[in-house]
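Single-letter residue listing:
Number of protein chains: 4
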Amino acid sequence: MTAVKVGVIGVGMIGQDHIRRLTKVLAGSAVVAVTDVDQARARSVADGVPGARAHATGQDLIRDDAVDAVVVTSWGPTHEEYVLACIEAGKPVFCEKPLATTQEACLRILDAEMAAGRRLVQVGYMRRYDPAYRALKETVAGGAIGTPLLMHCAHRNPNVPSHYTSDMAINDTTVHDVDTVRWLLDDEVVATQVLVPRRNSRAGELRDPLFVLFEMAGGAIVDVEVSVNIGYGYDIRGEISGETGTASLAESNPVVVKREGSFGGRVPADWRERFLRAFDLEFQEWLGAAAEGTATGPSAWDGYAATAVCDAALEALHTGSRTTVSLRERPSFYR
Amino acid sequence: MTAVKVGVIGVGMIGQDHIRRLTKVLAGSAVVAVTDVDQARARSVADGVPGARAHATGQDLIRDDAVDAVVVTSWGPTHEEYVLACIEAGKPVFCEKPLATTQEACLRILDAEMAAGRRLVQVGYMRRYDPAYRALKETVAGGAIGTPLLMHCAHRNPNVPSHYTSDMAINDTTVHDVDTVRWLLDDEVVATQVLVPRRNSRAGELRDPLFVLFEMAGGAIVDVEVSVNIGYGYDIRGEISGETGTASLAESNPVVVKREGSFGGRVPADWRERFLRAFDLEFQEWLGAAAEGTATGPSAWDGYAATAVCDAALEALHTGSRTTVSLRERPSFYR
Amino acid sequence: MTAVKVGVIGVGMIGQDHIRRLTKVLAGSAVVAVTDVDQARARSVADGVPGARAHATGQDLIRDDAVDAVVVTSWGPTHEEYVLACIEAGKPVFCEKPLATTQEACLRILDAEMAAGRRLVQVGYMRRYDPAYRALKETVAGGAIGTPLLMHCAHRNPNVPSHYTSDMAINDTTVHDVDTVRWLLDDEVVATQVLVPRRNSRAGELRDPLFVLFEMAGGAIVDVEVSVNIGYGYDIRGEISGETGTASLAESNPVVVKREGSFGGRVPADWRERFLRAFDLEFQEWLGAAAEGTATGPSAWDGYAATAVCDAALEALHTGSRTTVSLRERPSFYR
Amino acid sequence: MTAVKVGVIGVGMIGQDHIRRLTKVLAGSAVVAVTDVDQARARSVADGVPGARAHATGQDLIRDDAVDAVVVTSWGPTHEEYVLACIEAGKPVFCEKPLATTQEACLRILDAEMAAGRRLVQVGYMRRYDPAYRALKETVAGGAIGTPLLMHCAHRNPNVPSHYTSDMAINDTTVHDVDTVRWLLDDEVVATQVLVPRRNSRAGELRDPLFVLFEMAGGAIVDVEVSVNIGYGYDIRGEISGETGTASLAESNPVVVKREGSFGGRVPADWRERFLRAFDLEFQEWLGAAAEGTATGPSAWDGYAATAVCDAALEALHTGSRTTVSLRERPSFYR
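Chains as they are written, first to last, in the working numbering: chain D, 2 to 336; chain B, 2 to 336; chain L, 2 to 336; chain P, 2 to 336.
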């Protein structure tokens with residue numbers, strides 16, 4: 002396997018973590034170029050990566066012949082521009098969520114990628130690489146519980162930063178569940194409803210928790226508890242109820258301790274602890290596809306659908322009403 | 002403790018099981034009288050219980066001076082009449098659910114009991130006596146998870162008899178969850194919604210599963226998966242999500258077996274296996290109160306509220322709309 | 002079922018608890034007579050049980066025609082005398098462990114019972130009535146794991162009273178495991194070894210923990226961790242490893258709580274909490290057999306074997322050597 | 002991080018798997034040289050690795066200036082020679098177990114490494130890198146259960162190849178537990194005993210299972226069930242019992258499935274599934290140390306101690322007696 006030469010657009014905390022992953026954890030790549038809206042930061046990061054240079058702009062980086070493939074971790078509103086440029090340059094691109102901040106922008110990316118004639122875009126929904134979610138999908142796909150009829154999810158954060166808003170609970174938090182249920186159930190969301198329970202007294206002005214419902218095209222119903230100030234840990238739950246059985250994510254504790262009157266195991270402290278391995282596997286698979294000049298995993302279509310569902314869920318949250326989701330007809334390219 | 006002399010109205014399968022419980026399992030009672038709409042069956046059952054006589058009617062039985070307390074397990078529409086007669090006679094009465102088949106009938110019972118000036122009625126919501134549910138209530142009441150904000154329930158039956166209807170899924174099945182969440186959260190249901198997921202292909206014409214939502218007066222939201230043809234077992238789940246933690250019913254398997262590639266435990270086969278102990282404890286506490294000439298546990302108010310909530314849920318099922326629940330103001334007698 | 006009229010010899014804490022069980026919990030008996038080495042205590046207890054009288058001696062109580070069956074919970078060295086008298090009187094007797102304090106005394110009881118021609122003696126090894134142990138036995142007997150080859154046990158107490166000795170760790174604590182493994186594996190112990198690990202610093206002068214090994218006649222090997230100052234709870238573990246699988250006692254927690262970084266369940270605080278139900282079921286079955294004039298469950302043979310194994314284990318503890326167990330050939334009466 | 006240039010001696014199944022790991026999974030290395038007793042195989046493997054050449058002998062490979070560090074996965078009896086040559090060449094060496102086949106050979110390696118003045122040798126006890134074992138060690142080292150007094154282990158294989166012998170049950174199977182308990186308890190084994198339970202009827206002539214006991218210098222006692230034909234899966238269990246609590250390896254199933262009357266999770270099928278991640282982490286840490294010209298993790302001392310304990314356990318198996326372990330005094334170099 003020849004090393005994939007990667008350029009990274011946006012070297013904030015997440016961008017730097019992906020550089021660490023590419024240079025110190027995974028085989029198969031070299032980081033050869035970086036850029037950032039903060040040019041001093043870009044130069045400083047480049048200095049720490051032997052063989053990497055700093056570019057003035059993302060467009061420069063994408064045009065650089067030394068760059069085989071691109072990682073986009075810049076500010077959301079810039080994603081469309083960089084992803085379109087990568088497609089035009091024929092370079093595989095890994096784009097952190099969101100693919101783009103509007104459905105229209107997402108559709109422009111779909112059109113461009115279809116015009117390019119092959120998949121170049123992978124969106125950063127890392128849960129699809131989590132070994133537990135993968136085992137869940139395999140279990141259900143293997144028929145162990147019959148056709149799925151309901152799915153119960155919980156997305157619990159110990160706390161959120163002070164700038165976190167109720168809209169972010171949909172766009173930044175629930176969006177992961179949107180992608181997960183679409184992928185697990187192999188189906189699209191057609192309607193959504195957001196109920197607002199009694200407010201957590203630790204949540205300040207935030208509408209927290211939320212209780213989000215999704216109706217799938219095939220009739221399955223999904224509920225998601227979104228609790229972002231629950232304190233006890235970062236806890237991602239999922240249970241699929243089928244015609245003849247159920248399958249759910251197990252606890253992830255490696256050890257059971259008995260002391261002081263009880264037995265138990267650890268709940269992950271944060272998303273890094275819970276999904277560290279998923280991030281590594283996500284990039285491993287991306288590199289494998291990029292080495293072949295293409296992409297795998299969550300596609301531009303998945304990015305578009307997630308944005309459309311979140312738009313509907315936001316409307317449902319604001320209006321208190323059930324809201325339908327209208328997607329463009331799915332092109333055969335994305336089937 | 003002097004033995005409580007019990008009369009049993011209705012000696013079908015459940016009535017006979019309670020007679021077995023009173024005569025062969027629990028200390029503190031003697032079954033002295035029985036009656037049934039099928040008089041031959043009443044005589045036959047009386048023959049098997051030393052010291053018991055068969056009465057022609059429930060009213061005769063209630064009037065019998067040898068009877069201290071009454072168990073009503075006859076057909077639902079007859080409950081009101083017998084419970085009112087017991088109240089009039091000043092005799093403690095254990096009435097299987099429903100307390101009565103209409104809210105109006107329930108209210109007549111409330112009025113009669115309040116006029117009598119002391120609790121005489123206990124309704125047969127046995128889950129309140131299940132050791133696991135009790136531990137759940139204690140945990141939450143003890144403050145371990147903060148104020149409850151959501152509750153997730155599942156009521157799964159392996160299968161149902163051929164005469165089972167979608168209305169029974171509310172009135173006979175979900176009604177247990179109604180009582181349970183009212184009791185666990187110490188709160189009333191104010192609105193309900195019933196979603197109908199894709200139909201289980203094993204369910205014939207039945208709308209199965211259902212996904213029932215309850216909004217509580219205090220703002221908590223409750224969801225209940227009602228799946229009555231899930232095949233794998235009788236599985237009653239409950240998880241309360243609070244401000245700082247969660248509490249849920251554990252699996253009830255006594256043994257873990259490892260074989261053929263997996264480890265695991267047994268799911269109860271039916272409600273008898275799951276709630277056998279709850280039935281015993283329910284009657285033990287009823288006898289204790291009856292010996293004092295009064296009642297404990299689920300009250301006539303609880304029977305009334307359950308009926309009112311089920312009426313609303315039925316309407317929600319039939320209309321597809323969120324439906325509010327209107328209860329009479331709760332009398333201080335029932336606080 | 003006519004009530005069994007029971008006399009209780011020894012009304013200390015355990016005797017009084019059994020009287021509570023017989024009069025307030027279980028159907029099918031009446032306590033009609035009590036006695037105690039402390040006659041004032043006997044009279045006081047009798048006063049609290051309507052219909053019960055106090056006898057001056059155990060022999061008087063056994064001779065009392067009003068007494069159908071006897072419970073012996075007096076001091077261990079007195080057991081032989083009372084059990085022999087019950088056999089002579091043809092009255093079923095429930096004897097708390099030990100059956101007798103020497104093997105010779107046990108053998109005298111065996112001989113007397115065989116001469117009487119029917120089982121009259123039940124020894125108080127209550128674990129055989131614990132629903133979890135019963136499920137474990139059923140699982141193994143049903144062939145789910147193949148022939149048992151090893152069993153791993155732990156007997157953990159949070160703490161012990163100050164008068165507790167290392168010999169009591171064998172005679173009063175490990176004796177329960179002796180009976181349990183004999184019953185679960187349906188086999189006799191033929192040799193034993195006691196290893197003494199590093200001392201628990203909380204154990205004072207006590208040799209605690211102990212690690213006890215049993216070799217069974219059929220070749221299975223059993224290990225028992227006996228830790229009596231482990232603090233965290235009363236925890237009884239058992240895992241049988243067979244030719245094709247394993248079966249073990251599950252945790253007994255009714256509820257799982259997530260809070261403060263971990264999830265978990267409660268460990269029982271003491272033997273009452275862990276085995277409360279077993280005691281009730283033990284007496285329920287004893288009453289059923291006593292009503293028929295006989296006995297069931299752990300027999301005089303089991304009491305004898307337990308004593309013989311504990312004698313060998315004590316020698317093994319004192320000498321540090323593997324010690325064999327010599328039992329009389331098992332009479333067909335006890336098969 | 003500059004890539005560590007690795008030479009691999011022995012390119013059978015395990016050697017090839019390590020080459021895959023170094024070239025396709027982990028960042029930080031290049032495989033530049035291989036050799037094998039089967040020279041055709043060495044050439045064939047080299048052809049598949051861009052930049053790698055095949056050497057005629059291990060000594061040639063070690064002398065090759067292009068080689069920074071060496072992986073030894075050849076036949077056990079050849080390990081001593083290659084490890085000594087690596088030490089002489091001052092090159093870090095990862096040696097699969099055993100370090101050497103005799104205690105004397107191990108001691109020669111210790112002496113050579115001490116003479117070299119810095120650690121160069123890492124032995125392939127991969128369990129120390131398993132996340133679950135690491136969490137177990139952290140838990141115990143953090144004081145959560147007090148001083149460890151006992152440890153209960155099980156090493157269960159579904160089956161073994163036909164050439165497997167009872168001696169291999171000690172040398173190839175139990176040896177992992179030897180290293181694990183030494184590391185977890187941070188203590189040396191001073192005596193061992195091997196009990197032979199009833200034979201598994203699936204085990205043919207093999208003495209299977211075995212029940213191995215270790216006494217640690219500090220007084221803790223360890224038991225290990227070694228069952229290598231148990232069929233149901235590859236199941237590695239470990240529970241440490243301390244003064245105030247216990248800590249044990251949790252089940253590793255990612256998903257819980259409910260179907261057909263039970264709930265449960267998967268047991269790993271084989272050691273690859275169970276320890277895949279440990280192998281990756283083991284090499285990641287080795288590469289990190291090798292890049293600094295040194296070694297980390299299981300040392301030559303650990304390899305020597307494991308060999309000495311296995312020698313004693315073999316004698317204990319053959320004689321049926323408790324056997325003591327005599328280690329050279331531990332040099333400060335290895336503390």
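It should be emphasised that the hints constitute simulated quantities derived from the structure, not laboratory data. Treat the hints with care, as some may be off.
Within a straight-line C-alpha distance of at most 25 Å, the following computed SDA-like cross-link-like pairs (lysine to any residue) qualify [stated by the list, open to error]:
1. K6(D) - Q40(P)
2. K25(D) - G266(P)
3. K138(L) - D271(B)
4. K25(D) - F280(P)
5. K138(L) - A67(B)
6. K138(L) - R275(B)
7. K138(B) - T245(B)
8. K25(L) - Y235(B)
Stretches of chain P that chain B covers, calculated by requiring three or more beta carbons in the stretch to come under 8 Å of a beta carbon on chain B [what the hints assert, rightly or not]:
9. 190-203
10. 209-219
These numbers were taken from a predicted model, which means no experiment stands behind them. No residue lacks a Cβ here, since even glycine has one placed at the ideal position from N, Cα and C.
Hint check results:
Taking the CA atoms of K6(D) and Q40(P), the gap is near 35 Å; set against the 25 Å cutoff, the hint is violated. Between K25(D) and G266(P) the alpha-carbon distance is near 34 Å, which puts this suggested pair outside the 25 Å criterion. Between K138(L) and D271(B), the direct Cα distance comes to roughly 22 Å. Compliance with the 25 Å bound is thereby established for this hinted pair. The hinted pair formed by K25(D) and F280(P) meets the criterion: a straight-line CA distance of about 17 Å does not exceed 25 Å.
Our distance criterion of 25 Å between C-alpha atoms is broken by K138(L) and A67(B), whose separation comes to about 46 Å. Our distance criterion of 25 Å between C-alpha atoms is met by K138(L) and R275(B), whose separation comes to about 20 Å. The hinted pair formed by K138(B) and T245(B) meets the criterion: a straight-line CA distance of about 16 Å does not exceed 25 Å. Distance check on the hinted pair: K25(L) and Y235(B) sit about 32 Å apart at the alpha-carbon level, beyond 25 Å; violated.
Counting residues of the region 190-203 of chain P whose beta carbon lies closer than 8 Å to any beta carbon of chain B gives 0, which falls short of the minimum of three for the stated coverage. Given as covered by chain B, the region 209-219 of chain P fails the check, having 0 residues with a CB less than 8 Å from a CB of that chain where 3 are the minimum.
Comparing the model with each earlier hint shows violations of hints 1, 2, 5, 8, 9 and 10; every other hint is respected.
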